[in-house]
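Q: Use the sequences and the hints to build the structure in full.
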Amino acid sequence: MNAPEKAQSAIGASVRRKEDYRFLTGGGKYTDDVTLPGQSYAYFVRSPHAHAKILKINKSAALKAPGVIAVYTGDDTAADKMGGLPCGWLIKDVKGEPMKEPPHPPLAQGKVRHVGDQVAVIIAETYNQAKDAAELLEVDYDVLPAVVDAVEALKPGAPQVHDGAPNNRCYLWSLGDKAATDAAFAKAHHVTKIDITNNRLIPNAIEPRAALAHYNRADESYTLYVANQNPHVERLLMTAFVLGLPEHKVRVIAPDVGGGFGSKIFLYAEDVIVTWASKKVNRPVKWTADRSEAFLSDAHGRDHHTHAELAMDKDGKFLGLRVKTIANLGAYLSTFGSSVPTYLYGTLLAGQYTTPAIYVEVDAAFTNTTPVDAYRGAGRPEATYVLERIVSQAAREMNLDQAEIRRRNFITAFPYQTPVALMYDIGDYKSCLDKAQKLADVAGFPARRAEAEKRGKKRGLGYSTYIEACGLAPSNIAGALGARAGLFEAGEIRVHPTGSVTVFTGSHSHGQGHETTFAQVVAARLGIPVESVDVVHGDTGRMPFGMGTYGSRSIAVGGAAIMKALDKIEAKGKKIAAHLLEAAESDIEFKDGKFTVAGTDKSVPFGGVAFSAYVPHNYPLDKLEPGLNETAFYDPGNFTYPAGTHIAEVEVDPETGVVQIVNFSAVDDFGNIINPMIVEGQVHGGLAQGIGQAMLENCVYDQETGQLLTGSYMDYAMPRAADLPSFKVDTHVTPCTHNPLGVKGCGEAGAIGSPPAVVNAVIDALAPLGVKHLEMPLTPERVWRAIQGKPTKVA
Amino acid sequence: MYAFEFHRPKSVSEAAALLAKSKGKLIAGGQSLVGAMKLRLASPENLVDLGGVAELRGIKREGNAIVIGAGTRHAEVAASKDVQSSIPALAALAGGIGDRQVRNMGTIGGSLANNDPAADYPAAVLGLGATIRTNKRTIAADDFFKGMYETALAPDELITAVSFPAPKKAAYIKFRNPASRFALVGVFVSQDASGVRVAVTGAGSAGVFRATALEQALAKNFSPDAVKGIKVDTAKLNTDLHATAEYRAHLITVLAGRAVAKASS
Ligand SMILES: Cc1cc2nc3c(=O)[nH]c(=O)nc-3n(C[C@H](O)[C@H](O)[C@H](O)COP(=O)(O)OP(=O)(O)OC[C@H]3O[C@@H](n4cnc5c(N)ncnc54)[C@H](O)[C@@H]3O)c2cc1C
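The listed protein sequences derive, respectively, from chains A and B. Quick note: the first sequence uses our numbering, first residue 59, plus one each step. Quick note: the second sequence uses our numbering, first residue 202, plus one each step.
Don't take each hint at face value.
Stated by the list, open to error - So the derived label-pair ranges between C-beta atoms look like this:
(1) A:Q167 with B:T413: 38 to 46 angstroms
(2) A:G537 with B:S406: 37 to 45 angstroms
(3) B:D357 with A:E210: 50 to 58 angstroms
What the hints assert, rightly or not - Sample of chain A residues lacking proximity to chain B, with all beta carbon distances greater than 12 angstroms (derived):
(4) K158
(5) S232
(6) G557
(7) L754
The hints are simulated quantities; they were obtained by calculation from the structure and are not laboratory data. Virtual Cβ for every residue (Gly too), placed ideally from N, Cα, C.
A: Now the structure itself:
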């Protein structure tokens with residue numbers, strides 16, 4: 059991604075990340091780094107069973123243990139009338155009935171539903187004392203049969219996770235025109251069918267979750283430090299639905315946060331319990347997850363089983379797509395768990411193609427597993443995986459080139475209304491594909507394949523032409539579809555008297571580099587150095603409101619809110635400048651940091667206007683308030699639609715099944731780009747995660763006992779640098795048509811586009827050996843078995 | 202982790218005495234033990250640290266053998282000129298253990314006493330027919346490993362050094378477990394005057410073992426072709442999340458062939 063030379067603060071310049079000095083010198087301040095006077099420590103006693111009744115809990119030994127301050131169980135939270143953890147999206151099923159929404163108690167009420175479910179909390183003077191006392195808590199369980207697989211859970215006779223959800227069904231949901239789709243299949247020349255699994259993942263942010271709550275008796279207020287991606291939403295859900303606290307008495311601070319990938323969007327039981335307990339014990343209470351707890355209690359991702367069918371005419375034009383997915387929601391509805399396999403999944407099934415009729419059904423099941431929710435991509439990787447796998451399979455069955463079948467079906471005219479609710483504003487899929495083919499040197503592939511063959515290796519090339527939808531919006535439409543929250547963003551620009559600026563944003567940075575990107579946006583607009591702009595985020599006490607960061611929304615929605623606030627700053631600045639320059643407001647132009655009377659050399663710099671606003675001696679006080687501080691809320695008119703082409707090239711050792719990714723090329727259209735270096739970093743990280751899913755990562759539960767078998771890095775395989783090739787990445791720009799920056803978002807694309815590219819490449823490599831199908835992750839044994847024509851045995 | 206008493210002896214005899222008296226546990230690099238203690242899977246009340254025992258450190262030549270002190274770090278073995286020139290396969294094996302941090306802390310004595318069924322050193326010790334020296338006796342490799350995490354060591358016995366005879370040819374090939382990066386299967390092959398040894402780690406349900414069928418074939422003809430098609434018995438191999446016994450058996454044969462090729466190159 060070679061950016062042209064740009065001024066240091068300009069949009070489009072690879073400005074070095076302002077936050078990195080802090081992070082690289084150990085100056086970051088994460089939740090666990092915050093220590094308050096009189097702080098106590100919480101340790102959660104978690105269920106060792108996947109499914110059990112709690113017969114009795116005896117606290118007495120634990121209470122007597124050294125250093126113990128309090129022991130609380132579900133009886134205590136019930137006595138205080140604590141509510142359950144709410145779900146943020148109400149899904150209506152095929153009959154228009156609301157989804158089943160069983161209670162999600164922060165501490166178990168008589169029953170535990172997954173290994174790691176919270177049973178009790180011990181609060182003690184030290185962490186070790188709390189942990190020691192936890193071993194003394196006597197809990198009598200009556201162990202029940204468990205079900206961990208969503209397909210099994212929906213079968214008659216399966217163990218029932220919730221009384222209020224018969225057959226473990228949360229909802230059966232559908233989208234699209236079934237009759238039109240059936241009609242399309244009726245006239246098909248050929249139908250391609252696949253059955254695929256989207257493997258369950260564990261998020262693994264480098265910083266485990268943590269929460270530190272403090273209750274102040276003097277004014278009955280609470281402060282919660284928490285590793286979270288959207289502190290305002292955390293506060294709203296916690297105060298309004300769970301604890302019944304006055305919202306203005308609770309301040310939520312999400313300080314430096316070490317990665318989230320979605321897993322820190324949600325309101326978790328531990329956050330609620332430490333907040334509640336801080337008042338009960340009248341001490342600050344800190345909880346920091348250890349890595350084993352993170353595996354058990356951070357919301358997991360993906361876990362779909364899908365049957366899909368693609369109808370084509372004789373030229374390989376797509377006529378219809380039919381998809382049936384079974385989604386695992388885990389034991390409880392996590393904050394956005396219900397929306398991920400529905401509105402974030404079904405709506406993406408048009409992909410980049412003109413398929414005129416699409417019908418999707420999603421059967422969502424409760425199981426005795428950790429709740430499943432949004433994880434980098436959230437629904438969109440699952441949709442892309444289904445679509446890009448079936449399209450590649452279709453090309454093989456139709457004897458068409460992989461790029462050709464895609465080109466024949468690309469959407470080329472915009473705006474484009476898909477049959478699954480979305481309206482794409484703009485894109486240029488052909489150019490991305492062409493550019494990616496050059497980047498990947500597709501022309502040279504046959505020679506590379508022949509050379510590999512000489513070494514006894516099988517080479518393959520795999521495509522994925524993906525689309526995603528970012529910046530979920532607008533609020534009113536999402537609300538009509540069941541969203542229980544707004545989807546806008548807020549921004550505030552505080553110009554200081556000397557002309558430097560503090561930006562307050564409701565977006566939250568936990569690795570994305572907002573402190574730099576957003577500063578660039580403001581600096582470029584105001585014509586001031588990027589060093590004169592600081593960005594503040596993650597504190598309900600400092601910014602007006604915020605919906606946080608998820609779904610690659612920050613620049614498209616948060617950046618737009620900042621631009622709106624800047625509009626107001628500029629408008630007011632013009633009024634002040636008109637007064638100072640004794641000119642009409644309509645004659646004032648603002649450019650390069652100067653307010654100028656059009657057609658003259660009379661001007662006043664931005665800093666001069668700021669100074670006048672705060673030292674209003676020569677100022678139109680009769681007409682204008684002093685000060686230069688503006689706030690704006692922005693609710694987008696549509697999603698943004700990043701899209702691109704990913705091409706993977708792999709080499710397989712047929713003797714062992716080992717797959718090596720030798721090349722990976724990605725050309726993405728993220729709209730306008732503020733900071734190419736940061737965008738490239740986001741793409742690299744996303745690709746690593748997507749390739750991790752394709753090659754390595756797999757969350758496995760024991761089918762009988764419901765124990766998590768991949769509960770540590772000894773068994774859960776994370777991608778490492780040595781597993782990845784040196785990525786070739788580039789961009790192609792079609793600016794978004796409906797937000798002020800023309801931006802689309804780049805955080806998730808890598809994780810969305812890459813898994814099918816990798817799997818398609820391995821199938822391409824092994825097709826000459828008769829391999830037609832493979833499931834992720836592509837472990838050496840799975841690949842070897844496929845080559846041998848043996849069924850997969852390993853988990 | 203639970204609280205414990207920490208002892209830091211200066212000599213082997215002092216360490217042995219402390220060990221016997223306290224009924225505690227030795228700690229060397231801590232790379233296996235500390236993890237287990239943090240997970241509360243191990244809870245020794247006394248820890249006897251070997252880090253201050255100078256006589257356990259170092260690598261020396263004794264005739265045709267390389268003798269490595271039990272307290273020698275993996276990184277030191279990997280970087281040793283003596284090991285690199287006499288038994289390059291052993292230096293390479295040490296350099297492939299874990300990551301840089303682990304190699305700078307972990308010791309050969311700790312690895313062998315621990316006898317993790319997927320550890321690398323046991324394959325070298327068995328594959329080279331090495332001798333384990335303790336504060337009480339010497340133990341032949343074939344008598345030392347007694348199953349998963351089990352060895353011939355008595356509770357108050359400590360490894361002082363390991364003596365490796367230099368082979369004519371040797372090579373180790375490690376096929377990594379994708380999660381832990383320990384050996385899913387590791388095969389150590391050596392040839393010298395006394396014969397051929399093929400030791401396998403990562404695969405056996407009772408830990409490291411010698412693949413006798415492969416040894417016999419290679420004794421007749423030390424070439425990659427000699428092992429082709431030999432089916433390793435799956436009865437005593439592991440099936441777990443990461444691989445079936447069937448796949449492990451297949452890999453043993455493939456890796457043995459590749460190790461022979463590497464040893465001969
Ligand atoms: C991230 C990670 C990756 C790893 N990867 C690998 C790998 O790829 N391959 C591999 O082989 N290993 C690997 N290991 C294990 C590593 O090699 C350990 O260092 C080794 O297994 C134990 O050595 P130690 O010196 O750290 O022993 P410690 O952990 O200190 O002790 C281990 C055991 O040995 C006993 N002990 C120690 N010294 C003696 C002695 N002289 N006599 C008798 N008993 C003794 C202790 O009492 C204890 O029971 C890895 C470890 C980690 C943390």
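Q: Now tell me, hint by hint, if it's right for this structure.
A: Right, here's what the structure says about each hint:
1. A:Q167 with B:T413: 38 to 46 angstroms: With a Cβ separation near 59 angstroms, Q167 (chain A) and T413 (chain B) fall outside 38 to 46 angstroms, so the hint is violated.
2. A:G537 with B:S406: 37 to 45 angstroms: Once the Cβ atoms are compared, 58 angstroms apart, the range 37 to 45 angstroms for S406 (chain B) and G537 (chain A) is violated.
3. B:D357 with A:E210: 50 to 58 angstroms: Holds, since D357 (chain B) and E210 (chain A) (Cβ atoms, about 52 angstroms apart) stay within the stated range.
4. K158: Non-interface label on K158 (chain A) holds, nearest chain B Cβ at 33 angstroms vs cutoff 12 angstroms.
5. S232: holds, 36 angstroms
6. G557: Given that every Cβ of chain B is farther than 12 angstroms from that of G557 (chain A), nearest at about 48 angstroms, it holds.
7. L754: violated, 5 angstroms
Taken one by one, the earlier hints fail for this structure at numbers 1, 2, 7, listed in ascending order.
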